Structure formats: structure tokens, C-alpha cells
Amino acid sequence: MSRGFDTERWTGLDGLVLVAAGAGVFTREASLLLAAGLGVVVLGYVRVAAIPEVSLRIERDLSDATPDPDDEVEVTLRVTNEGSGTLFDLRVVDGVPPALGVADGPARLGTALRPGATATATYTVTAVRGEHAWDETVVVVRDPSGAVESRETVSAETTLRCEPELAATADLPLRGLTSKYAGRVETDVPGSGLEFASIREYRHGDPIRRIDWNRRARTGELATVEFREERAASVVLVVDTRPEAHVAPGDEAETAVERSVDAASVAFSALLDSGDSVGVAAFGPDECWLAPSSGADHRARARRLFATHPAFAPTPPDGAFFPSVAVRRLRRRLASDAQVIFCSPLVDDYGVSVARRLEAYGHAVTVVSPDPTTTATIGARLARIERDLRLRELRRSGVRVLDWGDEPLGVALARAEAGWSR
Amino acid sequence: MSEITRKPTRTGTAMALSVAGLTTFTLGFTTSTAAVGGLVATVALAAGLFRGSRRIVDAAGGLFFLSLLFAGATGAGTEALLLAALGSILAWDLAENAHSVGEHLGRETDTLRLELVHAAATLVVLAVGAAVVYGADRAAAGGQPITAVVLLLVGVVALVTVVTR
Chain X
0 MSRGFDTERW TGLDGLVLVA AGAGVFTREA SLLLAAGLGV VVLGYVRVAA
50 IPEVSLRIER DLSDATPDPD DEVEVTLRVT NEGSGTLFDL RVVDGVPPAL
100 GVADGPARLG TALRPGATAT ATYTVTAVRG EHAWDETVVV VRDPSGAVES
150 RETVSAETTL RCEPELAATA DLPLRGLTSK YAGRVETDVP GSGLEFASIR
200 EYRHGDPIRR IDWNRRARTG ELATVEFREE RAASVVLVVD TRPEAHVAPG
250 DEAETAVERS VDAASVAFSA LLDSGDSVGV AAFGPDECWL APSSGADHRA
300 RARRLFATHP AFAPTPPDGA FFPSVAVRRL RRRLASDAQV IFCSPLVDDY
350 GVSVARRLEA YGHAVTVVSP DPTTTATIGA RLARIERDLR LRELRRSGVR
400 VLDWGDEPLG VALARAEAGW SR
Chain U
0 MSEITRKPTR TGTAMALSVA GLTTFTLGFT TSTAAVGGLV ATVALAAGLF
50 RGSRRIVDAA GGLFFLSLLF AGATGAGTEA LLLAALGSIL AWDLAENAHS
100 VGEHLGRETD TLRLELVHAA ATLVVLAVGA AVVYGADRAA AGGQPITAVV
150 LLLVGVVALV TVVTR
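Protein chains in written order, with numbering that gives the first Met the number 0: chain X, 0 to 421; chain U, 0 to 164.
FYI, nobody ran anything at the bench for these hints, they're computed from the structure. What you are looking at is a predicted structure, and each value in this text was computed from that prediction instead of being measured. The beta-carbon is built from N, C-alpha and C at its ideal position, and this holds for glycine as well. Check before you lean on any hint, since a few could be wrong.
Selected chain U positions facing chain X (Cβ under 8 Å, derived; list incomplete) [what the hints assert, rightly or not]:
hint	residue
1	49
2	51
3	75
4	82
5	100
6	107
7	108
8	113
9	116
10	120
11	122
12	126
13	134
14	136
15	159
Not the full set, but computed from the structure, chain X residues with beta-carbon under 8 Å of chain U [to be verified]:
hint	residue
16	16
17	17
18	105
19	111
20	223
21	246
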């Protein structure tokens, strides 16, 4: 038997009993003394209150442990009393992962449980990207009178893993910086390709197919037609996961980090499809780096990374972060011919300085910026104007910027592309 | 996203208010002042439960106690007063329990079993207690001299101090 802490529920009853008894004596009314007697019985009941040894087993079943995003997953919580005593007053609150929202039915349970009996609670959560582990379940046990209460935590390991498919729904055009491998990015380097670039004097060894025969017929000189060479790029997708980037326009809306990761996974898939080598990095307290590469293995690795790496978790990180160290480390890792696609809401000046520094070091930077601002209040409008100014500053320094509002990424891209120079 | 309504549970509210109503009815057999007091206490209990305020629930308990005290002092019948005392304690207990369960688990959770077991436990203890007290009274029926009454008071005080220590 364990004695928990006193709930102080019946505090004051002893005083009332004494008052009733005193009044009974003074008025010589037996009925008041009897009522006081009843109070004494209750006090005795409260006095003997004790909680049996709590020994609970908790099991949790998920209808689908690896759901797609936005799927509803039914969770069945089973609580079994493995102790020898009956638990008269058992209250269970399940430790639902903070990122998962309970969509239907409370993740709570209140019942009385005989030894060996099992109580069940069923609720539904909406899956979001990531790996979610359930926290400890909090159990509150009270004795039948409610005078004594004890709190314990019981844990049952359950993990829900939600890995979205990498879908290439929008094609992100790259900038001119490329590697030496053939690919699809049109460069200004003359050579073989599709788009006409220039005509130059014939040099020994030029392929016969590329000799300009019209000119030969007209002037008698040999000339070679040159095309814009198409090469593959090496791209690193950098996602801003600093606590500052965990901002959303409303309580229920997706945070900018969520949207950045979405944009990065779309871009990843599209770039991989077009033969470029793509890498992933997180710019935040949690370190994450996937070196640029290509192939099916790489795609699978990236899919897992986007889904389950703690750096891309939908909840803000709480570790210490040294941004200048992170920038230096990122720069060391980037190959000199690597382009950078930086996904950041740009709600502070540091994001701008990161993009500008990377651009200055010769990595062609494209910023994809999900817009988390609103126009609800004057402060929000000021934040929006500040962000607009930051975007303008970036554009002025030669960085490509995609301002991504509420519309799908593809639409934002089509609108922005019109204004981009090659 | 479903929110948790941290208000006294519906089951507990219904049970507490019905018991409070019955108690008021019982007080009606004593004096009309006590019955009015019971009615006020019931309204206060209802207000406390709907507002979700523990303080108002406790105040309602106090009003019930005052009504009992008045009824007893003006010579109410033993049976009626004992029954009303039983009802008052049960009503307050159920209301307070509904409040605490609502705070822990919210209104959406199914807590019928939990609250029924709690109500049954309290009811059994109170019923047995009332039967014992009433039986003792019957057994010792007759006009007690004042010394016996004083001794009884001393006994009650001793009991209370021992039991609450």
C-alpha cells in the first residue's frame, strides 16, 4: 500500500463536525449530534484512505504505423491492472506526440479497474511528416474517497513514422553554375547541345555534323556551329530550421519550416529526375548533411531524411545554435561548383546574410521563401513590409528569389520565372 | 483538432444536482427556512458546476451545512435530518469529484464508470454510517442527562482529533 499526496479534498469537514456537535449540545437536539456522528464516520473513511500498489501495463496499437501525410490513424490504448488491488479511481492521460493533432476522441481514459481487467480508449490522430514517438502516459490514481492521490508515469514505446513520397510536382530551374557532367542545365559554354550559340572558325577535329555547310557553299570557308552545352548541376538544398523559422500565419497553419521542407523535397525529386546531383542540408541547431549524389539509393535516403530527421521536425528545436559556425561548416562542405537552393521564410536578417554570403562565395543561390506573414495587425503588416524589403535586397544582390505565398509551389514558380534572367 | 473542455463532467453534474434536489426535498420535511436554504444551496451548486468553480461548489456545501444546522436547532426529526446530512455530503462529494475529473480528463472522455463507482462507494459508506449512528441512537433512546450529553461531546472531540490527525 502506498500513500500518495493528500488532495485536501475533505479539509474543513472536521471543523463542521465539531460545530454541529457543539450546536447539538447547546440546543439539546439529538439529531444534530447524529449528523455530527455521520460526519465522524466520513472522517474515519477519509482517514483509512490508501491507494493499492499501482502496477499498470499499457499497450498501444496503431491502425497504421507508417501512414501517408494527413491520413487518420486510429490509436487504441489498452490499460491493464496488473496489481493485486482494485483501482477505484483511475485517470489516464496518454502522451500523444506534440506534433500530432488528436482529430477525434479524447486520448484520455477514466475508469475503475479490477485486478487483471483491461480498459480501452480509442482516438484518432492525423499523421504529419516525421517520426513521432509517444511520450510517457500519465496515470492518476485516487482512493475511493478521493482523499489521497498518486501520480505515476507508465511508458509504452510506440512510434509512428510518416514518410511522404517524394513527388516532383514543380520543376525548379537552376542557375548557370554547373559541374562537368552532361545534364539538362543550359550553360553559356559553347559546345554540343540543342540551342544555337555561335559560329566560329573550323578547327581540326571538329565533328563533320557541326560544320556550317551553307557558309561553306557561300564563301568556301569551313565554319563550325556551336550550341549551348547542357550540363548537370550539383545542387545543395539548404533548409532553414532555426527556431526563428518556425513561424506560421495562424495556429492551425503549416509552419514555414514545414513548407520549406515540402519545397525542398519537391525540388529534390525534380532535380534528381533531371539528372543533377542533389544534396540536403539543414541550417539549424540539429545537424543534417546529405552530400550531393544521384541514383535510387540516394532518393530513398533523402526520403527518409526529409521524413524522420530531427532537424526537419515540425516542432521547434531547443538546442543551442551558433549560426556563424554553421555557415562556416556549410561552406566547407559545399563543393566549389555547387549551387544552393536556400529555403527560408526570411523573417530575420540573418537568413538574408546567409544567402548573400553563399552567393558571394560563388555558389549560385536561389532562395525559396514561403511567406508566413499576414495582414491581421499593424505589427504583422510591418513584419510583412520588412520581409519584402529583405527579398528586394536579396534580388538586388543578384540572388534569385521565389516568394511563395498561399498558392501551390508550381504556380509561384511560373510567376517568378518570368522575372528571372538566366 | 479536438479541444479539451475542462469543465465538470455531465454525468457528475447530473448526479450531484439530483442528489442536491432530493436533499432539498428532505429538508422540506423539517422547517421551511431550512428548505429555502437547501434550495439556495442547490442553485449555488448548479452555478458552481456550470461555471466550473470549485469555490462556489464549496460555498454550496457550506450553505447546505447551515441549512442542516438551522433545521437541527429548530427541532427537526432525527430521520429527516440524518437523511438530509447524508444527501448534503453526497451532493458536495459528487460535485467536487465531477470538478476534479473534468479538470483531469475533460468533458469529452467517457467517465461514467469512474463516477458511478465513486458515487456508489461514497453512498455505501454514508448509508452504513447513518445506519450505525441511527442504530446507536435507537439503542440509547430515552432522555439523557446533561452530563451524558457533555461526555458525548468530549467523545466526539476526541474522535475527531484522533481521526484527522
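Hint-by-hint comparison with the structure:
no.: 1; hint: 49; in the structure: 21 Å, violated
no.: 2; hint: 51; in the structure: 17 Å, violated
no.: 3; hint: 75; in the structure: 6 Å, holds
no.: 4; hint: 82; in the structure: 10 Å, violated
no.: 5; hint: 100; in the structure: 6 Å, holds
no.: 6; hint: 107; in the structure: 4 Å, holds
no.: 7; hint: 108; in the structure: 4 Å, holds
no.: 8; hint: 113; in the structure: 4 Å, holds
no.: 9; hint: 116; in the structure: 4 Å, holds
no.: 10; hint: 120; in the structure: 4 Å, holds
no.: 11; hint: 122; in the structure: 11 Å, violated
no.: 12; hint: 126; in the structure: 10 Å, violated
no.: 13; hint: 134; in the structure: 11 Å, violated
no.: 14; hint: 136; in the structure: 6 Å, holds
no.: 15; hint: 159; in the structure: 5 Å, holds
no.: 16; hint: 16; in the structure: 6 Å, holds
no.: 17; hint: 17; in the structure: 6 Å, holds
no.: 18; hint: 105; in the structure: 4 Å, holds
no.: 19; hint: 111; in the structure: 4 Å, holds
no.: 20; hint: 223; in the structure: 66 Å, violated
no.: 21; hint: 246; in the structure: 19 Å, violated
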